[in-house]
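Visitor: As they're listed, the protein sequences go chains A and B. When we follow this note's numbering, the leftmost residue of the first sequence carries the number 2, and every step to the right adds one. When we follow this note's numbering, the leftmost residue of the second sequence carries the number -12, and every step to the right adds one.
Treat the hints as calculated values from the structure; they're not laboratory data. Check before you lean on any hint, since a few could be wrong.
[Stated by the list, open to error] Listed below are the simulated BS3-like cross-link pairs for lysine-lysine, each with C-alpha atoms no more than 30 Å apart in a straight line:
#: 1; chain 1: B; residue 1: K176; chain 2: A; residue 2: K49
#: 2; chain 1: B; residue 1: K53; chain 2: B; residue 2: K176
#: 3; chain 1: A; residue 1: K49; chain 2: B; residue 2: K53
#: 4; chain 1: B; residue 1: K176; chain 2: B; residue 2: K199
#: 5; chain 1: A; residue 1: K237; chain 2: A; residue 2: K251
[Stated by the list, open to error] Calculated from the model, a selection of chain A residues having no Cβ within reach of chain B, i.e. all distances over 12 Å:
#: 6; residue: Q12
#: 7; residue: T23
#: 8; residue: N81
#: 9; residue: Y83
#: 10; residue: G152
#: 11; residue: T166
#: 12; residue: I173
#: 13; residue: L223
#: 14; residue: E224
#: 15; residue: T259
#: 16; residue: I312
#: 17; residue: Y322
Every residue gets a Cβ at the ideal spot worked out from N, C-alpha and C, and that includes glycine.
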Amino acid sequence: MRQYIIRRLLQGAVLLFVLSVTVFLLLRIAPGADPARIKCGLDCTEEKYQSIREDLGLNDPYFPISFTSSPPWIEFNSDNQYWNWIQELFSGSLGTDWNGEPVATELQNRLPATVELLVITIMVTVLLGIPFGIISAVYRNSPSDYGVRLGAILGLAIPNFWLATLVILIPISLWDYAPPLTETVSFFDSPWDNLRQFVPPAFVLGAVSAAGVMRLTRSSMLEVMRQDYIRTARSKGLAETTVIGAHALKNSVIPVVTVIGLQIAGLLGGAVIVEQVFNIQGVGFYFLGALVRKDYQVVQTLTVYIGAVVIILNLAVDVLYAWLDPRIRYS
Amino acid sequence: MPTTSYWDKIRRQRVTRRKMLAVTGASAAGLAIAAACGGDDDDGGNGEASPTPGNVASGTPVVGGKYVYAITGDWGTIDPVTSVAFAPGIFPRIYNALLDRSRISPDFTYFDLAETVEQPDETTYIFALRSGVTIAPNDLGIEERDLDSSDVMAWMDQIQANESAVLRAFTNLWLDSYEAPDAVTFQMKTTEPYAYTLFRIGAPLGGCIPPKEMFEEGRDITNTGVGAGPWGTIQTGSYSNTGGIVVQRNPNYYGVDESGTQWPYMDEIEAVRISDRQPRRAAFIDTQIHTYTAEDREEADGLITEIADLAVVEDPANTFIAFTMNPTRAPWDDERIRRAALHALDRQQYVDLIVGEGGGRPNGLVHWPLGDFALTPEELEELQPYDPAMSRSLIQEATGSDSIDINVIYPVSDIEFHDKHLPIFLQQMADAGFNITEDAQDFTTWLANYTAVEYDASLSLNQVYETPEVPLDFHAAQGPQGDGNFAIGIGSLYPEVEEAIQATKAATSVEEQIEAVHNAQRVIYENAPAFLPIMSWTGFTLYHPFVKNVQEGLGATGLYLTRETWLEQA
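Here chain A stands alone, though its shape is the one from the complex (with noise of 0.2 Å):
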């Protein structure tokens, strides 16, 4: 097991490598204006500009090495940019963004709020969605399979974005209520505020997740119903809730655990908008400013953190699914 961690820890680090590399270029590459050209403004000028560039160091070569038109073909760059933005990242300032701001202050600020949000969201997955799996499983095809069945495709075909829309507008509409619109409540500071102001938001990321882990629970749960020791524990006696609970449940999580591990990944995504719309100043919502601004140094930070955070996800689901299951061994 030991040598499965670290091999795959290695290769983590290869793709780690691969895609700051691919996110490095995406966006020097990717049509339409470099960031330098965004904060000129309105009343930019060419010299303007240009000192803008060099600030953002964007008239370094991109690469340590380069190519040229004549011999000896090849240059060596000391100062370039993704050097110096990989140099960044292992400092642990994260380099600075649009703002001047050190990325790594912003990420420390704002990541309490994104995982509360994502630690929510996974408890809405869960308790959500592996108890309607069940009785959709359990009931299967009666008026209560076919009710939880239409409720998981709808949390599968509504976009996070409307229905986070509807999360503020319905409430709002019926009863003037709103959940903390103005600002990120700290549930140290207030409890009560934290959790009107979170619950919400991950409601409409766990809606989606939890349909995907109903859907899985219930098709898991319906084949190991069907296994010889489900028969033999009925024919034993054992009391229905015992056989669900104490030897199919069991089982039937197994592939459940991988689905929710790599549903995190996903629910990053999720974040970036729901963030938004809920307003609250997490990750996500510093994503999305930084996207549309192309702001460089944080798009490419928090698409490699991001990539570290699924590779270590992976890799503890990939662990924890043999420690569930022990037939299961790594080599």
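Take the given structure of chain A and dock chain B to it, following the hints.
Guide: Same frame as chain A, but now just chain B:
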């Protein structure tokens, strides 16, 4: 069409304001605003008067409370010398200007740091500075002292030194010299008579004066600050360049009302960032924010029905979307093709389909929210009639065919109204014989091309101008910045156009200036304009009934007067 002019209404409104002054004992009060680049939900007050039940000056001012409004995007920076977009909405609350002449109500001038201004000749301005304009308490270590002419000099030096300074467009083109003969006098000379000097020198956009220590001691003015304005203290830790800010009452503020109560009445102002409209609207209904700009009349009406005693301020927005042609490129170098475009646009249809009846009006070359500077609807009917048959006939005359292929760039944007303009534009142009090849560009690319005039034609979004100077300057030889950027260049092709535009800047009275602006438009029409503002709409800014003494009619100048607004439930 309305028979009374905008200025008639303003004059009537001014009577109302004077009545109110009798109550407050001060210059006009209010939360009248139009943040220079739009987007604040704190941006009423740049135009026609309308009944504002629940928010007029009544009763005894209540001291205290926090006023909360929403901004919709990043601050970027809070450097008063360089910042654009949302920050100019907060600067007049923190800092002082010399004075600010209302751009939409030009016979109103707010005197702040300058107590008087004298003009011994047409190019010399002598500002006598007020004493007792004292810097607010702060944790930056800046002494709580009175501002004097050395602060104004340091500010002006900074404008000269910083090529990003907003007022550089003014100082580069028009400023000849400036000096401080003594501590209470600041004097400047313009190179030539310039009618817009007092409109520009103290505008919230670039005209706010921080203490000289901010420059001389190399303070980080992009993220911190302190002023001698009514809310001169920025609450420690409250500012985030992507979020909000809290500014706090300046106990040293010089202004007092008739009863001797010190302004400002409200303890704090908080600007919060809420980008999306629906949460902003929800936050308003839930009183988390105290003002909200409705999308259109229908939404405003809905909210008025829903919330009792809500106050609504109806203001023409100084904003429009324009069709811009490049007359140095074919086919737009042919006057007949430009005229064909002039007649292709049914501006009333944009009003009807986008904002509905009473929600806006068609524009001429100077947009109608600028009142008497704009030509009358009757004259515009003659100068730019919608006539697609005439368009086709002009195209036929120029090309031998009744249709023509053209390229049009436009930005892909989520800015309200832009998306609604596009399909109408495409249909109307097609009806008039223009076969358009669309070139949708991301905003930054479009902006770069638009700035450098690298296009054949453009549907250009969100032009926000508080004076007629800029829309006319698009036609001038060197453009609105005087450096060739944005310069469509009709002025360099037709000397009479250039002459007429320059004449608008040299006018010495408002009446003369109005006449000169009218004349310049007529001359441009004679030479087939290349910059066609389509229509401007009315903004509906709503205030909760507990926000008192809100007034409209001064444009962004009203931002300086928030000091006289109070919260009844403070």
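Visitor: All hints, please: hold or fail.
Guide: Checked hints:
1. B:K176 with A:K49: holds (27 Å)
2. B:K53 with B:K176: The hint is violated at about 41 Å.
3. A:K49 with B:K53: violated (39 Å)
4. B:K176 with B:K199: Within the cut-off at roughly 22 Å; holds.
5. A:K237 with A:K251: holds (19 Å)
6. Q12: Fine: 35 Å to the nearest Cβ keeps Q12 of chain A off the interface.
7. T23: holds (20 Å)
8. N81: holds (24 Å)
9. Y83: Given that every Cβ of chain B is farther than 12 Å from that of Y83 of chain A, nearest at about 22 Å, it holds.
10. G152: At roughly 24 Å from the nearest Cβ of chain B, G152 of chain A sits farther out than 12 Å, so the non-interface label holds.
11. T166: Check fails; 5 Å does not lie beyond 12 Å.
12. I173: violated (4 Å)
13. L223: Since the minimum Cβ distance to chain B is about 40 Å, L223 of chain A lies beyond 12 Å and the statement holds.
14. E224: For E224 of chain A, whose nearest Cβ neighbour in chain B is about 42 Å away, the distance exceeds 12 Å, so it holds.
15. T259: holds (34 Å)
16. I312: holds (28 Å)
17. Y322: holds (39 Å)
Hint violations for this structure: numbers 2, 3, 11 and 12, all remaining hints satisfied.
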